[in-house]
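**Q** Each chain is listed here by its residues.
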Amino acid sequence: MKTKKLIAYLLIIIFCLPTLTGCYSAQGIETLAYAVAIGIDKGENDKIKLSLQFALLSNSSSGGGGTSSQSQDSTVSTVDCSSIDAGIALINSYISKKVNLSHCKAIVISEELAYEGISEYIYTLTNNIEVRPDCNVIISKCNASDYLNNSKPTLETVSARYYEFTLNSTEYTGYTENVTLADFYADMLSTTTQAHAILGGINSKNTQEEHSDLPLYDIEGSYTASQTPIQSATGIENMGIAVFNNDRLVGELTGMEALCHLIMLNEFESASITIPNPHNINSVTSLFITSNKAPKISVKLINGTPYIDCYISISGNILSLDENMNYSDGTTLQIIKDYTNSYMEENIISYLYKTSKEYNSDIDDFGKYVIGNYLTWNDWIESDWLSNYENAFFSVSVDTNIQTSQLFTKV
Amino acid sequence: MIIIVAITAICSFAVPDFSLGFTLRICRFIYIILGYIAGFLGIAIGLFIQTAILCNSKSFGVSYLAPYLPATDLDSDGTYFVPPMWHREKRADFLNTKYSKSQEKISMKWKFWKGNN
Amino acid sequence: MKSMQKINKFEAIALIVIITINQIILNLPSTIILSTGSSAWINIIIISILAILFCILICKLFKRFPSNDIVDISEYLGGKFFKILVGILYISFFVLMSALFLRYFSNNIKQIYFEKSPIVFLLLLFLIPISITAKLGIKSIARANLILTPIVLLSMIILFISTAKLFITQNLFPILGFGANETFLIGLTNIYSFVSFAYIYFLVPLLKNPEDFKKISIWSIVISAINLFLGVVCLIMLFPFIPFSDEMLSIYLVARLIEFGKFLQRVDAVFILIWILSLFSFLSVNVSFINKILKKLLTLKNHREMSFSVCAVIFSISLLFANISNIKFTQTVFLKYFTIGLVFIFSLFILILANLKFKKEKT
Numbered sequence: 001m002k003t004k005k006l007i008a009y010l011l012i013i014i015f016c017l018p019t020l021t022g023c024y025s026a027q028g029i030e031t032l033a034y035a036v037a038i039g040i041d042k043g044e045n046d047k048i049k050l051s052l053q054f055a056l057l058s059n060s061s062s063g064g065g066g067t068s069s070q071s072q073d074s075t076v077s078t079v080d081c082s083s084i085d086a087g088i089a090l091i092n093s094y095i096s097k098k099v100n101l102s103h104c105k106a107i108v109i110s111e112e113l114a115y116e117g118i119s120e121y122i123y124t125l126t127n128n129i130e131v132r133p134d135c136n137v138i139i140s141k142c143n144a145s146d147y148l149n150n151s152k153p154t155l156e157t158v159s160a161r162y163y164e165f166t167l168n169s170t171e172y173t174g175y176t177e178n179v180t181l182a183d184f185y186a187d188m189l190s191t192t193t194q195a196h197a198i199l200g201g202i203n204s205k206n207t208q209e210e211h212s213d214l215p216l217y218d219i220e221g222s223y224t225a226s227q228t229p230i231q232s233a234t235g236i237e238n239m240g241i242a243v244f245n246n247d248r249l250v251g252e253l254t255g256m257e258a259l260c261h262l263i264m265l266n267e268f269e270s271a272s273i274t275i276p277n278p279h280n281i282n283s284v285t286s287l288f289i290t291s292n293k294a295p296k297i298s299v300k301l302i303n304g305t306p307y308i309d310c311y312i313s314i315s316g317n318i319l320s321l322d323e324n325m326n327y328s329d330g331t332t333l334q335i336i337k338d339y340t341n342s343y344m345e346e347n348i349i350s351y352l353y354k355t356s357k358e359y360n361s362d363i364d365d366f367g368k369y370v371i372g373n374y375l376t377w378n379d380w381i382e383s384d385w386l387s388n389y390e391n392a393f394f395s396v397s398v399d400t401n402i403q404t405s406q407l408f409t410k411v
Numbered sequence: 001m002i003i004i005v006a007i008t009a010i011c012s013f014a015v016p017d018f019s020l021g022f023t024l025r026i027c028r029f030i031y032i033i034l035g036y037i038a039g040f041l042g043i044a045i046g047l048f049i050q051t052a053i054l055c056n057s058k059s060f061g062v063s064y065l066a067p068y069l070p071a072t073d074l075d076s077d078g079t080y081f082v083p084p085m086w087h088r089e090k091r092a093d094f095l096n097t098k099y100s101k102s103q104e105k106i107s108m109k110w111k112f113w114k115g116n117n
Numbered sequence: 001m002k003s004m005q006k007i008n009k010f011e012a013i014a015l016i017v018i019i020t021i022n023q024i025i026l027n028l029p030s031t032i033i034l035s036t037g038s039s040a041w042i043n044i045i046i047i048s049i050l051a052i053l054f055c056i057l058i059c060k061l062f063k064r065f066p067s068n069d070i071v072d073i074s075e076y077l078g079g080k081f082f083k084i085l086v087g088i089l090y091i092s093f094f095v096l097m098s099a100l101f102l103r104y105f106s107n108n109i110k111q112i113y114f115e116k117s118p119i120v121f122l123l124l125l126f127l128i129p130i131s132i133t134a135k136l137g138i139k140s141i142a143r144a145n146l147i148l149t150p151i152v153l154l155s156m157i158i159l160f161i162s163t164a165k166l167f168i169t170q171n172l173f174p175i176l177g178f179g180a181n182e183t184f185l186i187g188l189t190n191i192y193s194f195v196s197f198a199y200i201y202f203l204v205p206l207l208k209n210p211e212d213f214k215k216i217s218i219w220s221i222v223i224s225a226i227n228l229f230l231g232v233v234c235l236i237m238l239f240p241f242i243p244f245s246d247e248m249l250s251i252y253l254v255a256r257l258i259e260f261g262k263f264l265q266r267v268d269a270v271f272i273l274i275w276i277l278s279l280f281s282f283l284s285v286n287v288s289f290i291n292k293i294l295k296k297l298l299t300l301k302n303h304r305e306m307s308f309s310v311c312a313v314i315f316s317i318s319l320l321f322a323n324i325s326n327i328k329f330t331q332t333v334f335l336k337y338f339t340i341g342l343v344f345i346f347s348l349f350i351l352i353l354a355n356l357k358f359k360k361e362k363t
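Protein chains in written order, with this note's numbering: chain A, 1 to 411; chain B, 1 to 117; chain C, 1 to 363.
No lab work stands behind these hints: they were computed from the structure. Model, not experiment: these values are computed from the prediction. Think of the CB as a built atom: it goes at the ideal place given N, C-alpha and C, for glycine as much as any other residue. It is possible that some hints are incorrect.
Said to hold, decoys possible - Derived DEER-like restraints, expressed as beta-carbon distance ranges:
no.	chain 1	residue 1	chain 2	residue 2	range
1	C	K262	A	I12	42 to 50 Å
2	A	I7	B	I7	54 to 62 Å
3	C	K262	A	E130	13 to 21 Å
4	B	Y80	A	D399	49 to 57 Å
5	C	A322	A	L301	30 to 38 Å
6	C	Q265	A	E30	18 to 26 Å
7	C	K262	B	F29	34 to 42 Å
8	C	K63	A	K300	54 to 62 Å
9	C	N326	B	K58	39 to 47 Å
Excised from the complex, chain A in its bound form (with noise of 0.2 Å):
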């Protein structure tokens, strides 16, 4: 019986020992630096410019304070390095932390960098296992680590919340889109459309335009980012969207346009529109629309050649208010609607245009349309959509249904 209790009290101890392995991969909080945003850049020599910012976590939590506490919110580091785990090795032997990038928010990319093709950086990043498929892709005019060094959240003290924010607006001003890495990714090896991402840039007094040569209700809309003539900003500024052919961005759209491209997407919430005031014509009316049903759209093959019909229907509120204007009267506001009906037509057209003809990149999905007429796959790749989208025509009717003006009707 001894020898038994002994061999078994030997068991016990030698099946205990993994038990003294812990964990191998075992990694606390505070051992990790977590990268808020990437910036990659272009560099010389085939390299890229890589460039992440991190949070400083001891000063976001103290929370309000004084200015010089949160200009040190966040620091940037930039590399040179052939690839992006190439350059998170390099920056993980330079700061003391490991780099960790589940809470990344923004994956900044140089606009001199998109026109030569991201596909390989869009691919690494999806297929890394930190990095959160709803982070928001960015492509900038500006190069990346300007932008990320210029990204100062002056309304709150987080900056992983201030990308979020930023890209918030697009709920109530519809000048840009929310467009995440999973969409990316699955846009650009989409056979139906085409990949679009945020476009941004910093905003300072040499890249503000003024665009006096429009008509007094385009000029809001025609700004992209770093263009909107802000007096004093000091920060970043993401508006408009960057268009892409297959992995090359091709082109750029404004505000009016992005807030076009959200209501064929179905994706539109809500905007403030500027039309021409019916009854002066130095001055401007202006609405508050939001979306009252999905966008009718039908796609027909005529002769090979696309015909793209769509029917918009929006609700508006009027915000400005005049005295000349009596929008208790029915006549008023059935001008107004005739005024808005059109304007949006004019540039829901434009836009469309514009992605058809020169920038030959559908991405607003018309092919999902289209893909039920053909029986296999086979018969869809010959038909090339994506080739074939140059050739297309469009007609674009909107109803909007005015409703009211807000307190007043009548001055």
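Since the structure of chain A is provided, determine the placement of chains B and C on it from the hints.
**A** Relative to the frame of chain A, chains B and C by itself:
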């Protein structure tokens, strides 16, 4: 690790008696060790082995997870949704009784029948 | 009464359903979509109808042999030699399936959570609890399974419903996918996804009421088919690139997309916990079935003690795969034809011949 201790501490409030809580304290240590060895995988190992052992054990001839687990009769009264006292017509299935009906369908005759009994 | 381990109706259904759920977790829908394109859902409907018809046929053939599983029937047909042959084939089939699924899942868990740990550590961590629970017998495993299966089913349904807002129905077109040939003719080989038939063959002696066998098998095939259909449709509608790319765990990609507002994000860890539990159930079911076959082949008195050695064999075979290409090849080519040959053709052959022999002996 701390999360395991916190969760088991809160769950210990579900056990009514003090002496029944000793098992929970020992199990807490086992789960902490398992969590240390292999993280989430260790917790899953602990959960699975504990479930299998609970399903295997019997107390006075009745299985431990008695009204839930040999799920023979879906209509029996004592499982997830227990009806009020006057509605429980069947005796418990795990007792293997001779007659399964313990009260009639309308047991509160004084409430539902009109007139005199 | 240690040898009289009987399970009742619901436990039997849960036992069979967990097999298909584990296949869904380990990339079966993605493999089907790779072969048929966007018409995989039509393919699944066709093979489900075929599977249900096959199931009815099997139940009729088993009626003559109450409380006999396929090893006993092969003994009746061809004597001891045939019984040993069939037993060894089925043991190797179960061992291969367990080793393959174990290795594939451990590889994936290693990529996600345990980057620096060696694979041996993970494989041992899976197998040691299995050898402990397999000693408790099929009854407690079936009961533990009955607790876990509804949770796993519910998690699958929650997964599909939570990502429903991202579905694009036009991804289901073109309607014939990669061609009518691939969908209807060559696609019939996709019936290997109903590998649960191999387990149904061994189910009859375990049941408390053998009259329920037909109901149990049809219900379990229907539930498995519904799950498979949901999995395939969800994957096609979510990812337009899925007929071309080969992922490691496509269901994990779906779980990463779940997002409710700003606070409920990145819930894939809960799903991984549930999938680990379902893999435990699957492996313990496999090991106890292997124990039962060994008992019949070697006439052992206490078959549950074989758990350790069976787990050791599974461990060594799961280490045989050198890298992911070996695993994928075995999963998509070798196991596919092995399943079709053994489970569908050979066993049907045995059952039909045994029924003919029974008829001949009766007259």
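**Q** Indicate, hint by hint, whether the structure satisfies it.
**A** Cross-check of the supplied hints:
For the pair K262 (chain C) and I12 (chain A), the supplied restraint of 42 to 50 Å holds, since their beta-carbon distance comes to about 49 Å. As the Cβ distance of I7 (chain A) to I7 (chain B) is approximately 37 Å, the hint placing it in 54 to 62 Å is violated. A C-beta distance of roughly 19 Å is found between K262 (chain C) and E130 (chain A), which places it inside the suggested range of 13 to 21 Å. For the pair Y80 (chain B) and D399 (chain A), the beta carbons lie near 53 Å from each other, so the given range of 49 to 57 Å is met.
Our hint of 30 to 38 Å for A322 (chain C) and L301 (chain A) is violated, since their Cβ atoms are close to 50 Å apart. At about 22 Å, the CB distance of Q265 (chain C) to E30 (chain A) agrees with the hint of 18 to 26 Å. With their beta carbons about 37 Å apart, K262 (chain C) and F29 (chain B) fall inside the hinted range of 34 to 42 Å. Roughly 58 Å separates the CB atoms of K63 (chain C) and K300 (chain A), a value that falls within the hinted 54 to 62 Å.
Remark: the range hint 39 to 47 Å for N326 (chain C) to K58 (chain B) is upheld by a beta-carbon distance near 45 Å.
Checked against the numbered hints above, the structure violates hints 2, 5; every other hint is satisfied.
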